[in-house]
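Colleague: Let the sequences and hints guide you as you build the complete structure.
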Amino acid sequence: MILNLLVGLGVALFGFVLQTGLAGFNRKIIGRLQKRHGPKWYQEYLDIFKLLSKKSISHGWIFDFGVIMALGGIIGTAMFMPLTSTFLAFENYDNFFIFVYLLAVGMLGMAMSASGSGNPWASIGVMRALTTMLAYEVPFMIVVLTIIKISGTSSVAGIQLFQQAAGNNWFIIALPLGGIVAVLALMGMLGKKPFETYIAPAEIASGPMVEYGGKQLGMLFILHEISVFIEVSLFVHLFLGGATNIFIFIVKYAAVYTFVNLISNVNGRFKIDQVVKFFYKWPLLMAVTQAVVAIYFGWVI
Amino acid sequence: MASIEYLILFLVGAALLAYLLSKFNKTAASIFTIFATMFVFASLAGYGFGMNLVETVNVLPGFTFAQTYLGFYFVIIIVFVYLMVSFFHPYYIDTYKYKDSYNFLFLLSLAGIIGAFYTNNFLQLFFFFELIIWTTMFLIPLGKSREAAVTYFGFSVAGSMSMLLGIFMIFQQSGTFDISAGLAGISGTNAIFVFALFLIASFSKLGAFPLHIWLPIAHGNAPHPFSPVLSGALVKLGAFIGVLALVRIAPATGLFTTINLPIGQYIVAVLGAMSIVFGTLMAIKEDDAKKLLAYSSMSHGGYILVAFSLLDSIALAGGFYHILAHALASAGAFMAIAAVARATGTTKMKELGGMIHKMPITYLAYLVAIISMAGIPPMGGFISKWLIFQAVIDKGLIFIAVAVFFGSIGSFLYVFRPLAALFLGQELTEYKKVKEAPILMLIPTFIIMGLNVYTGVFPAGILKFINNIISELGFVPITITTFEITGYNGILNPAVISLVFGVGILVAFIIFILLKKSKKVTLMDTYTAANFVHDEHLLHYTTDFYAPLERLYEKQSNWMTKFYKALAQKVKDIGKLGKYLFMSRSIGTTVLWIIGIIILLLWGEVL
Chain P
1 MILNLLVGLG VALFGFVLQT GLAGFNRKII GRLQKRHGPK WYQEYLDIFK LLSKKSISHG
61 WIFDFGVIMA LGGIIGTAMF MPLTSTFLAF ENYDNFFIFV YLLAVGMLGM AMSASGSGNP
121 WASIGVMRAL TTMLAYEVPF MIVVLTIIKI SGTSSVAGIQ LFQQAAGNNW FIIALPLGGI
181 VAVLALMGML GKKPFETYIA PAEIASGPMV EYGGKQLGML FILHEISVFI EVSLFVHLFL
241 GGATNIFIFI VKYAAVYTFV NLISNVNGRF KIDQVVKFFY KWPLLMAVTQ AVVAIYFGWV
301 I
Chain V
1 MASIEYLILF LVGAALLAYL LSKFNKTAAS IFTIFATMFV FASLAGYGFG MNLVETVNVL
61 PGFTFAQTYL GFYFVIIIVF VYLMVSFFHP YYIDTYKYKD SYNFLFLLSL AGIIGAFYTN
121 NFLQLFFFFE LIIWTTMFLI PLGKSREAAV TYFGFSVAGS MSMLLGIFMI FQQSGTFDIS
181 AGLAGISGTN AIFVFALFLI ASFSKLGAFP LHIWLPIAHG NAPHPFSPVL SGALVKLGAF
241 IGVLALVRIA PATGLFTTIN LPIGQYIVAV LGAMSIVFGT LMAIKEDDAK KLLAYSSMSH
301 GGYILVAFSL LDSIALAGGF YHILAHALAS AGAFMAIAAV ARATGTTKMK ELGGMIHKMP
361 ITYLAYLVAI ISMAGIPPMG GFISKWLIFQ AVIDKGLIFI AVAVFFGSIG SFLYVFRPLA
421 ALFLGQELTE YKKVKEAPIL MLIPTFIIMG LNVYTGVFPA GILKFINNII SELGFVPITI
481 TTFEITGYNG ILNPAVISLV FGVGILVAFI IFILLKKSKK VTLMDTYTAA NFVHDEHLLH
541 YTTDFYAPLE RLYEKQSNWM TKFYKALAQK VKDIGKLGKY LFMSRSIGTT VLWIIGIIIL
601 LLWGEVL
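Chains as they are written, first to last, in the numbering used here: chain P, 1 to 301; chain V, 1 to 607.
Treat the hints with caution; some may be incorrect.
Straight-line distance between alpha carbons at most 16 Å, and here's what the computed EDC-like set of lysine to aspartate or glutamate pairs gives [stated by the list, open to error]:
#, chain 1, residue 1, chain 2, residue 2
1, P, K271, V, E550
2, V, K23, V, D94
3, P, K277, V, E550
4, V, K520, P, D64
5, V, K350, V, E436
6, V, K517, P, D64
7, V, K519, P, D64
8, V, K26, V, D94
9, P, K193, P, D273
10, V, K348, V, D287
11, V, K358, V, E430
12, P, K277, V, E554
13, V, K26, V, D100
14, P, K149, V, E536
15, V, K516, P, D64
Pulled from the structure, derived: some chain V residues nowhere near chain P, Cβ distances all over 10 Å [stated by the list, open to error]:
#, residue
16, T56
17, V59
18, E130
19, I200
20, T481
21, A566
22, L592
I should point out that these hints are in silico values taken from the structure, not numbers from a laboratory.
Glycine residues also receive a C-beta, built at the ideal position from the N, C-alpha and C atoms.
Modeller: Structure follows, in structure tokens:
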């Protein structure tokens, strides 16, 4: 069990390093897209370590406790994540629902800490973040329900193996409507435009993070990178056939993240009620249609 | 050895004694209530698990008792909630209008509970049900709202009357009032009628859609320590009747072949799903913390109904586990709110703020309770929701799944609201002198906190007991080992999840502690765009927390209330008509009626 825990921590660390580096590259790509040079590719690491070494303020014990609970929850979630279809820390326990709900512990911790700062902007940011979550999560989970029903397992590694087996397509091809929904939901999860209402730079004074600085902000940056790692990896594993080795995983991962980032940068931003309306209109309809077609009629490509 | 009959008699006696004691010293009576409840709980816990209670009846005429795993599971949870709540009594007894009767009614309703779950006779079941309804009906207005009591009573009586009708129909066909024989002895159209009638009783007790209106009114206005009993314990009576109808009667209606579920059960699952969605939406909108939790009970009642209507071992296990998890979570949350209400005198979220700085333990109790309520590991709610999801996915119930997932994510939203508005945020000036709850109130708080975690980390022991119930109901027990639960599409190991979560927290804590210490600043020292804000209230974001979301369904949100208001008006109108016709003060009308009736009677004689 000790070994498993160490492997798990290794996965979380790997995810952090991978995602932070990739985020730096993406800043460069976006820079080029906007005819700028963009920062150095390791700028994100510099930002985080700079923040961790700086002086900071605290608004009381819940402010700190929430940050610890948030980062702890996210690290815990990342420890369950399989990197390839065979490499994972806790075999058989990589249940899809663990990712959804353990991720929520992290979110709850962060929300608690932000509300505990006593700043109304932070509370508004939390409100928007939770509302966005209510919007994207339901269509996404319906698509995943379809996947679990078809593949007969809710283990993320098991779903990868199912797609890799001969005669089965990747689920993004097998369930095209569901695939579209998943891409949209992924953008919501990552807080990419048009669903970035809860951060909303220059609108609500940077949302839940308004009161943070120094080590707390640094830890929340780490949290952000790891949670992006979890969400994008889930998409790769569930919809893009997972990976048979680590290089394929990195390639697929980088492709998905960059793709989502590119879409994000040519979009405007929804208002928060528009986000909810949007997700409960087309994506939910598509997800349910896909589920009915795939489960009741058995039409899977 | 403990005898069921003597336990009931003991409670009735204790109730009378508590009443007399109250006349002299109210605190003494309340403490006596704690010990009486504790005695009953200890006897049940000591002998009940092995079905070792004495069933013979010596004193009560005509009563018969029998032990079932199903009944015991309910009884032990409910008595536990009663016991936990009784610790609160000494601190609240002075706030009631009729102080003497509180402990009396409390113990008497507990006697009703034990009778209702241990009886093997339908008429006794009805009798004990009525005992519970009548005693609790008088407990609710002690919180100073008559309307709440009337609403509660109206819905409960509608439920128990429909149950009585069902019982008579069973008697008509099977010729017995015995529960097992009666349930086995009905078939055909009769079974469908009884199924529907029992479900009305179940829905009205559980507060499921469309019979949910009483729930927020009663929960919101009941005395503070009684709300946890209502939500954590009494609504579970509805779940019990629901099991009788959905699993044991289970009439042969047509079968949906694609999802392998009888139509009757599917309809109930759809109504359960609607309860989940309505409860969630209304809870998000609610401003009163207790009413918010009441709507959340409605939504969780929906989960229980969905689980029981799937006719499947895993779903049944999930449903039963959910009953326990929700009882613990909602008792914990309601008790935390009760402690805050005692300190501040209000449960309105927009009037409260920053209680965490004065009541940190109460805050932790609430936090643990809502983590369980939202179904997040490592608490009990996660296990039950996981089991229910397994069954819903395995059956391929897409439309039910939409509601189930919606309720599950929506619960993050509504449980967070009291957390943010009531405990977190700015520390309001008017509550600067508030103190943490006294030690006697913290004891149950800690116990419930511990159990919420225990049910989420080591569910195997409880699930093994639930397996007994599942076999008793004629289903195949689910597969569990010491640490693992096997579902349809995966294995869950709650202990590993908790361990990994703990390791994560540890790592985060080490990172935190190694870095430079932060400077403490006050809550008012926040970013305000360089404006000088001098008043805490201005920096406290609580009113209409989810305003943008609420706006989307604002117009649709009160049509059920309107419908019941209109219905109540119609009933009143009919009553008025009756009064006008029969209870007139004018002698002429009365004479007219007398003559009319005499003629009618004579006419009958002639015929």
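Colleague: Work down the list of hints and note, for each, if the structure agrees.
Modeller: Here is what the structure says about each hint:
1. P/K271 / V/E550: holds (14 Å)
2. V/K23 / V/D94: Distance of about 13 Å is within 16 Å: holds.
3. P/K277 / V/E550: holds (12 Å)
4. V/K520 / P/D64: Holds, at roughly 11 Å.
5. V/K350 / V/E436: violated (21 Å)
6. V/K517 / P/D64: Holds - the C-alpha atoms of P/D64 and V/K517 are around 11 Å apart, at most 16 Å.
7. V/K519 / P/D64: Roughly 12 Å separates the two Cα atoms, so the pair holds.
8. V/K26 / V/D94: holds (8 Å)
9. P/K193 / P/D273: holds (15 Å)
10. V/K348 / V/D287: holds (6 Å)
11. V/K358 / V/E430: holds (12 Å)
12. P/K277 / V/E554: holds (14 Å)
13. V/K26 / V/D100: Holds. V/K26 to V/D100 sits at ~7 Å (cutoff 16 Å).
14. P/K149 / V/E536: The hint is violated at about 52 Å.
15. V/K516 / P/D64: The given pair, whose Cα atoms are some 13 Å apart, holds under the 16 Å limit.
16. T56: holds (48 Å)
17. V59: holds (51 Å)
18. E130: holds (41 Å)
19. I200: holds (30 Å)
20. T481: Answer for V/T481: holds, closest chain P Cβ roughly 12 Å.
21. A566: Given a closest Cβ separation of 30 Å, the condition holds.
22. L592: holds (62 Å)
In the structure shown, a violation is registered for the earlier hints numbered 5 and 14, in ascending order.
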